[in-house]
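K.L.:
Residue numbers (my numbering), protein chains in the order written: chain A, 1 to 365; chain X, 1001 to 1290.
Do not take every clue at face value.
Unchecked claim - BS3-like cross-link-like pairs, simulated, lysine-lysine; straight-line CA separation at most 30 Å:
no.: 1; chain 1: A; residue 1: K21; chain 2: X; residue 2: K1093
no.: 2; chain 1: A; residue 1: K210; chain 2: A; residue 2: K26
no.: 3; chain 1: A; residue 1: K21; chain 2: X; residue 2: K1094
Claimed, not checked - What the simulated footprint calls covered on chain X by chain A, stretch by stretch (three residues with Cβ under 8 Å from a Cβ of chain A suffice, anywhere in the stretch; the number is not a length):
no.: 4; region: 1176 to 1183
no.: 5; region: 1189 to 1201
In short, the hints are calculated from the structure, not lab data. Beta carbons: idealized from backbone N, C-alpha and C, even for Gly.
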Amino acid sequence: MAQITLQNLAHSYYPNPQSDKDYALKEMDHVWQDGGAYALLGSSGCGKTTLLNIISGLLRPSHGRVLFGDRDVTDAETAARNIAQVFQFPVVYDTMTVRDNLAFPLRNRGMEAGYIKARVDQIAAMIGMEEMLSRKARGLTADAKQKISLGRGMVREDVNAILFDEPLTVIDPHMKWELRTQLKQLHRQFGHTMIYVTHDQTEALTFADKVVVMYDGRVVQMGTPEELFETPAHTFVGYFIGSPGMNFLDARIEGSRALLAGGGVVDLGAGYGPVSGHSQIGIRPEHALLTDEEGLPVTIRRVEDVGRHRIIRAELNGHAFNLTAPEGLAITPDMTRVVFAPGKVNVYADDWRVTPRAAAAGRAA
Amino acid sequence: MDKTVNNKAWFLVLPVLVLVAFSAVIPLMTVVNYSVNDTFGNNQFFWAGLEWFEEMVTSSRLHDALGRQVLFSAIILAIEVPLGIFIALNMPKKGFWASLCLVLMALPLLIPFNVVGTIWQIFGRVDIGLLGRGLAAIGIDYNYTNDALDAWITVIVMDVWHWTSLVALLCYAGLQSIAQAYYQAARIDQASRWAVFRYIELPKMQGVLLIAVLLRFMDSFMIYTEPFVVTGGGPGNSTTFLSIDLVKMAVGQFDLGPAAAFSIMYFLVILLVSWVFYTVMTNLDKAEGQ
Ligand SMILES: Nc1ncnc2c1ncn2[C@@H]1O[C@H](COP(=O)(O)OP(=O)(O)OP(=O)(O)O)[C@@H](O)[C@H]1O
Ligand SMILES: [Mg+2]
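Bound-form chain X, shown alone (with noise of 0.2 Å):
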């Protein structure tokens, strides 16, 4: 049987096209107006061609900046991953316990940033915060405002403590699936607590670790919001991340058409790494199943 042609068919298409089109497209294109022309407001307008482009590829400001941000994430992911997966083994796995352990997960997820910001803000000042108290009465020298070390270790804490229940929650959906069987026969056949692991509770993790890894990367690749309430980006530059730069460089300095070019390349970068995490997982995993 032939398929009925009828081009009108793709008028079908055009309210998806319309609202893609307002959502993304156009604020995306404005962006790029922006990144190859020169501007002093008023809507006027002068070709600029790839010199922003140019001189952010060269600026050693944006290259620390990128520095700073690729070393965030792999500190966060190392961390999380392995902290996520710790948790979600150690869970109760049902009755009253499992529950309570899942609400006491969730809540910090349930913060908004800048609240979670906020908390941190003040839980690590070192005259009213009890953390920064705490550590000033046990003899620790620390303030985040002016250690730089300080600030990084703050940050990252909350950073793994505002979302390791994200990767731990994934994880304990992951080896609930396991039927119990599993377990039986690895008793059976005298399995270490590792292999347990490694052959049974890995395998049926990995595709949600797939998820985790990537919801984690991107979410830290473009992190602003905690860090700039918490330091504001120092002291100095040293928590100037990504997204914390380019603010500081479209917003406070005005500097529109580097700033969009430096937006664009963000934007590809992170679609960049994204894709390059999910096709080599994807392809480990159909290379185990050779």
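Only chain A is shown next, with the shape it has when bound in the complex (with noise of 0.2 Å):
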């Protein structure tokens, strides 16, 4: 087991890229720790399948250069870097029986009979699969070709890290939540490093204690759901990460204020030096609440109930603007003001955040 580093890291399909568009993955430099259970989130195309397969050996960066531990390994291959990967296409081989698909990696490694035969039955019961295991691969549903999948890549115990390549996607809701507390139990047990692909944000923040969000070739932020929640580093990881969004909103930036472009000053809750290109400020929805007293006027257009809470869509100075009411909260309608949570407000400059010259400062003032 080791700590993966990935230094000056950049990856182009073409044999001779031009421009950035070129570049599947752009330059990036990221520590991914031993043991850390990390979700790697972002949108079709952009990059993860290409990240997972450079740090398993199965693509070779066109640049830069990955680290397992101190060990340079970017020309070593897939089987010297000893990484298990399930794909976000299931594969199984199908002439084999469920027994011997799951059991393959551990036979091509040369393990012993006796060892084979126990870790399989315990894969097989992690898999829901004991009943299936002398059948033939062949034939079987999508979904139980995707638990082999999925079976195949956590049968060996030594490995350096485990890629998950959106491993659940056909597999049903409660299958899929059994499935990904089973990832954890093993993640507590054997501490290895798994990195796990998906479109969907609950799955991430409930799987990972690190979720890394991929932007457009890029990783655009590494860190706790919390991170990701309260300071997205990137307009993207606001947009993204939550449902419904980050709310943004033109703004010039003064001091420890925002002066929105379409009249109505915000207070920030910290001080911010000169901010230069395209600046907006990021407000999630459960930061702002609807008031009948002092606040930015909002048109409501709709409320939805989804149980917990209710989504109110709005709009404010004509954009969209989302809100959330909390339960208990009665929407009366001379509520028609909206105020937000001091210093929840963040501030953009061309979609990447600004962070405050002195928080403490700022709001002591």
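Build the complex: two chains, separate frames, hints provided.
P.N.:
Structure, rendered in structure tokens:
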């Protein structure tokens, strides 16, 4: 087991990349802690699979290095890296039985038969396929195939890391929840580094200690679920995490105040230096409160009850703006203003978050 | 809802029936007619019953030709199938070289049979052929016109040259349909080259291999033109395969009765062996699916 370091890593699928656009992964420097459970989130085509394939050695990066601990493995074969990977597209060996499928990675490493049998039975129990061990894998349902694929990824105990590329897409929600619990348990038990790719933020937030968000070939933020929620490093993170996502309003930043493009002033709760480029402020719907007192005027379009809270679809200065109303708050017709929770407003310049100059000083002022 | 019953609909099948009758059934019936009659021409027939069949079944001439035929088909299948798979596995997967390979491989398949025969007939000649003279120059005693073994080798090498491409191209198509993820998974699972072939590539090629084996079996079992052009069935009778023998009998000796009985049995053997091949291989497939 080892810490995985990506140094100046970049990858292009073209032999002679010209511009930034030709890179599936833009230059990045990241450290993946030994034993961490990471969720990798991002929209389609942002480079998640590419990143995993580089870590596992299926792809050689066009620039930069990959280190396992202190060892440079950039040119090391997949076999030498000792990594397990579960693919987005479930791979089963059709002509083998389910048992042989699960045993395959162990047999190829020459493990002894007794150990293989015990380990395969254990994994089969985890994925709920004990009954089917002697069946041929051909003709199994899509979710059974995905489970076998997942099981083959988990069967080895000695791996440096396990990479999961959307491993549960066709599995029904109940089983999905169960398998995710099993994965967490496996993580606690063996402490493998795990990287789990998903489109689904609930899946990401429940699985991982650290969530990594990718956008357009870049890792835009690596942090705890709280960090992603409270201080998204990029407007994409704000928009992608949370449902509904963060609200962004064009604004000019002056010290600890933001002057909205459509009129109105917002207290930022912290002082900022001069902000250049396209400046915006971002507010989570959860941090915006509907009120009948002082605040910015909003027009309510629709209220959606989603169970624990309600989502209010509104308009502020002519732009869509979402708020949430906690359970129990009665919405009355004269509630036409919105106030932002102090200190929960983030400032963005050209989509990247600007850190306040001195948070404490700002708040004291 | 009840289906409308209208027996006149059968008339719609009539054109196909007529077509098949003219293209297959009637010619075949002519053969059947010859096989149970004796004739000296002039459309005069004398009933012979199963006499020709009995004669043919016990004829050592036919037994020898059948033996040679089976040996020939077995040898070329044993060479062309593994060789075709091997070539397919080693062909480039994409880009310029893949296209070039495909074109080069397809070339022998596009050459008419008698031209293939002529090419090899000349190629192997000891007096003017590149192969014949080349072998003579390095001191190998090779002459397909008077040495049976040399004749066999020439005919087999010619068939391998002509038809291995077909097996290779079919296998190549099967291999191309394998998703990249399978190879990636195999690398992650540290599968050996053999395991990749055995568990990923071979299962994907099974369907096309069945077709390749069937086609090559039927074609080789009926082979006529190429060996006839090269060796004319000789030296002696050493390369006289079933078709060649049949033509000798029917056209050369004008033994129409025995030749017709021979054709029918020949046809039935091919049908039987193809059916056995097909059933065995598809059942194998099903058994694996259990
Ligand atoms: N083999 C390839 N050749 C060329 N371009 C590729 C190849 N594989 C991926 N790409 C491109 O690289 C970019 C990143 O692809 P990647 O598969 O890593 O995305 P992803 O985040 O895994 O997407 P998804 O969520 O759809 O799986 C995409 O623009 C894709 O079109
Ligand atoms: Mg992907």
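K.L.:
Each of the hints needs a verdict: does it hold here or not?
P.N.:
Going through the hints against the structure:
no.: 1; hint: K21(A) x K1093(X); in the structure: holds, 27 Å
no.: 2; hint: K210(A) x K26(A); in the structure: holds, 21 Å
no.: 3; hint: K21(A) x K1094(X); in the structure: holds, 25 Å
no.: 4; hint: 1176 to 1183; in the structure: holds (count 3)
no.: 5; hint: 1189 to 1201; in the structure: holds (count 7)
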